[in-house]
Structure formats: C-alpha cells, structure tokens
Amino acid sequence: MSNDHVSAAVQARFSRHVLGAHSYRGQETLLIRHEGLLEVARFLKDDPSMAFDCLMDLTCVDYLKFGASLSSAPTLATPSPLPYYMKPKPTEEAWQRLVPSDAYRFDVVYHFYSTTHNHRVRVKVPLKAAEPSIPSLTGLWASANWYEREAWDMFGVTFTGHPNLRRLLMYEGFNGHPLRKDYPVNKRQPLVGPIN
Amino acid sequence: MSTVDVSKLNWVTTRVDAALGWARKFSIFQYPFVTACCGMEYMATATSHYDMDRFGAGFPRFSPRQADVLFVVGTISHKLAPVLKRIYDQMAEPKWVVSFGVCTCTGGFYDNYATVRGIDTIIPVDVYIPGCPPRPENVLDGLMKLQEKIAHPHTNDPPTPKAIGAGARPAELQVPHTSESHL
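So the sequence lines, in the order shown, correspond to chains A and B. For reference, each letter of the first sequence is one residue, going 1 to 196 in our numbering. For reference, each letter of the second sequence is one residue, going 1 to 183 in our numbering.
To be clear, the hints were calculated from the coordinates, so they are not data collected in a lab. We put the CB at the ideal spot given by N, CA and C, even for glycine. One or more hints might be untrue.
[Stated by the list, open to error] So the derived list for chain B, only partly shown, Cβ under 8 Å to chain A, looks like this:
(1) G39
(2) H78
(3) K79
(4) P82
(5) K85
(6) Y113
(7) V116
(8) T121
(9) I122
[As the list claims (entries may be wrong)] Quick list of in silico lysine-lysine cross-link-like pairs, DSSO-like style, CA-CA up to 27 Å:
(10) K85/B / K187/A
(11) K187/A / K79/B
(12) K79/B / K181/A
Between the sequences and the hints, there should be enough to build the whole structure, so can you do that?
In structure tokens, the structure reads:
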C-alpha cells in the first residue's frame with residue numbers, strides 16, 4: 001500500500017520545514033527541520049486525513065564518519081559472483097543524507113502508524129553536533145517518554161520539555177553516551193570491580 | 001603427670017571435617033541467580049531427565065540467606081553487578097559459587113560497555129562451567145567437581161582424575177552419555 005499522499009500533504013503544507021522526502025517500496029520517509037518538528041507532529045496526529053495515533057518507534061542514528069570508508073563493501077571487481085543477499089553497497093552518491101551540511105551529525109528517527117487509516121510514515125530530523133537538542137513529543141504521544149529517555153541515554157540527544165529526562169538503560173553516574181561513534185569501544189565504567 | 005599431646009589428636013579434626021564435607025556435598029542448597037538464556041539449560045538439568053536431585057542439589061532456595069551455593073546463570077551487566085555482590089555478601093558461610101555459562105566465566109562475546117567480563121572480577125568463583133549454553137552433562141560434571149571441592153575443603157590440590165572420574169562414581173550417579181538419552 002502506498003502512502004505517498006502523506007508525504008505529499010506534509011510537503012505541500014510545511015514546505016519551509018521539509019528538507020527532503022523519499023520512498024522505498026511504499027515506505028515514505030520525510031526529512032524535517034527540528035524547528036518544525038512540533039508543528040508537523042501535531043498535524044500528523046490531529047489532522048483527520050493523517051490521524052497517526054501511534055508512535056511506533058523513536059530512535060537515533062549517529063552519522064559521525066559516515067561514508068568515510070567503504071573498505072568493507074564488496075566491489076564489483078570481486079572475482080566470484082556475489083550471492084543474491086550480498087548486493088554491492090551503493091556508491092557514495094547513493095549514501096547522501098539529503099542534509100544541508102556535514103555539521104548535521106545525528107538523525108532522530110520517528111515511525112508513526114495510523115490505526116484508522118492503516119498507513120505509516122517515517123520522519124527523520126537531522127541535528128547538529130554542536131547542539132543535539134530537539135523538542136520532546138511526550139505531550140502528543142505518551143509512548144515517546146521512554147523512547148526519548150533511551151535516546152538521551154545512548155546518544156546524548158536532549159529532548160526539551162521532557163518531564164523526566166533521566167538515563168533509562170545505563171546507571172546513574174555513567175559518563176558519556178555509549179552508542180555515540182566516538183565512545184571508545186574498550187571503555188568500561190563498572191560500578192564494582194576493576195576498571196578495564 | 002603427663003600432658004595430652006595435641007599433635008596426636010589431629011585425626012579427630014580431620015575425621016570431623018571429612019564427615020562434615022560428606023554431609024555438605026549431598027545437601028547443596030542453591031540460589032539460582034538466573035539472568036539470561038542459560039537459565040533454560042539450567043532448568044533442563046533440574047528436570048527429571050537429568051535430575052539434579054540425584055546429587056542433593058534439587059532444592060533451590062530463593063533467599064541467599066538460606067543458600068550454600070550461588071549459581072550465577074547468564075550474562076551479568078555492570079548495572080547488575082552490585083546486586084550480585086550484595087547477594088553473595090548476604091550468603092552465610094560456608095558458601096560456594098558456580099559460574100554457569102561462558103558469559104559469567106569471561107563475558108563471552110559481549111565485549112562491550114555494558115557487560116562484566118567474568119564474574120570473578122567481582123566475587124570468588126569455585127567452579128566454572130563453560131558453554132553457550134553448557135549442556136546438562138557439562139552442568140552435572142561441574143556439579144560433581146563442586147561436590148569434590150566441598151568434600152575436601154582444606155586441600156588446594158585439584159581432585160585426581162580417579163576421584164572425579166567414572167571409576168570412582170557409583171552406578172546411580174553416572175551421567176548419561178548415550179545418544180538416545182538426549183532424544
């Protein structure tokens with residue numbers, strides 16, 4: 001089922017906030033500026049033709065060093081024919097993120113679902129490394145509460161307006177955010193026992 | 001008037017220790033600290049097919065104050081480590097610890113920010129049972145090694161192969177190794 005009426009409506013209504021949109025096998029993806037997230041989210045929730053009443057998922061991606069190395073990618077010069085599940089990685093052009101500059105390090109990713117219309121949309125919000133801050137959606141979808149706590153815990157993205165932005169998975173006293181790409185892979189912060 | 005030569009009375013204490021060890025090794029009250037998938041194999045070992053109760057270890061106590069042996073079964077994260085240490089500290093002497101599965105032995109393949117690389121960095125461990133997860137035969141083997149250790153508390157020598165091997169074991173304590181016993 002195609003959902004392109006969703007992204008078309010959002011693009012027509014919020015053209016100043018939409019950075020880009022693409023579609024893959026009927027899955028719509030919208031890139032939104034973080035200044036316009038609350039407006040777009042309220043429209044997606046309250047408009048009768050949208051009626052996205054479920055926030056299915058909220059996560060974050062760290063694009064530090066993204067695309068800097070394609071060394072692990074199988075190339076077309078690989079001698080033996082590749083199996084069907086090992087398609088060659090796309091070229092660097094296909095890895096473009098549709099973001100205006102390299103300063104945008106994080107993407108916060110939302111998946112919305114409408115139980116009345118049975119349609120879905122994915123919203124990505126690029127954030128700059130200098131100020132990884134985004135308005136919280138807990139006022140619109142209560143399920144955003146723990147998702148945002150997890151994203152803060154793992155990636156250090158602050159959600160302004162969140163009622164209780166504490167760590168969810170790691171313990172109090174943990175320094176840093178372990179799923180950031182610049183968190184040292186060997187760093188250990190045990191509560192008891194030897195360090196590293 | 002002659003005094004008692006205490007050194008000649010050593011045999012009394014050794015006999016008492018032997019009797020205590022023999023009694024303790026067949027009355028293992030275990031505390032199962034089960035956190036992950038190894039727990040399924042632990043439960044399989046407790047069922048009638050393998051029957052941990054043959055070794056006197058069939059009765060888990062869910063209070064550390066009533067337990068002798070701490071079975072640490074499954075991955076331990078840094079967030080959980082203080083809980084494990086507190087439970088170990090709550091157990092009364094004498095106490096033993098069994099590290100069940102490769103995650104508790106070394107951390108296994110979880111070489112990341114979250115996982116303890118072996119519980120022996122937190123608490124002393126008596127028996128390691130490796131495997132991901134260990135088969136019930138492995139668990140019973142480890143349990144019998146633990147019994148040997150309980151029965152001989154004052155020796156640091158590793159048990160001889162004969163003492164822990166099939167030859168020294170009564171027929172009713174044999175581990176099933178036939179292929180059809182796994183079906």
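Taking the hints in turn, this is what the structure says about them:
Contact between G39/B and chain A, as hinted, is not supported at the beta carbon level, the nearest pair being about 21 Å apart and thus beyond 8 Å. The interface hint given for H78/B is met, as the beta carbon of that residue sits about 5 Å from the closest beta carbon of chain A, less than 8 Å. The interface hint given for K79/B holds, since its Cβ lies 5 Å from the closest Cβ of chain A, which is under the 8 Å cut-off. For P82/B, the shortest C-beta to C-beta distance to chain A is roughly 5 Å, which falls under 8 Å, so the interface hint holds.
About 5 Å separates the beta-carbon of K85/B from the nearest beta-carbon of chain A, less than 8 Å, and the hint is met. The restraint placing Y113/B at the interface with chain A holds, with a minimum CB-CB distance near 4 Å, inside the 8 Å limit. Because the smallest distance between the Cβ of V116/B and any Cβ of chain A comes to about 7 Å, under 8 Å, the interface hint for this residue holds. Below 8 Å, beta-carbon pairs count as interface contacts, and T121/B has one with chain A at about 4 Å; its hint therefore holds.
Among the interface hints, the one on I122/B holds; its C-beta lies about 5 Å from the nearest C-beta in chain A, closer than the 8 Å criterion. For the proposed pair K85/B and K187/A, the alpha carbon gap of about 22 Å is at most 27 Å, so the pair holds. Restraint check for K187/A and K79/B: the C-alpha separation of about 15 Å stays at or below 27 Å, so the hint holds. A hinted pair counts as satisfied when its Cα atoms are at most 27 Å apart, and K79/B with K181/A qualifies at roughly 22 Å.
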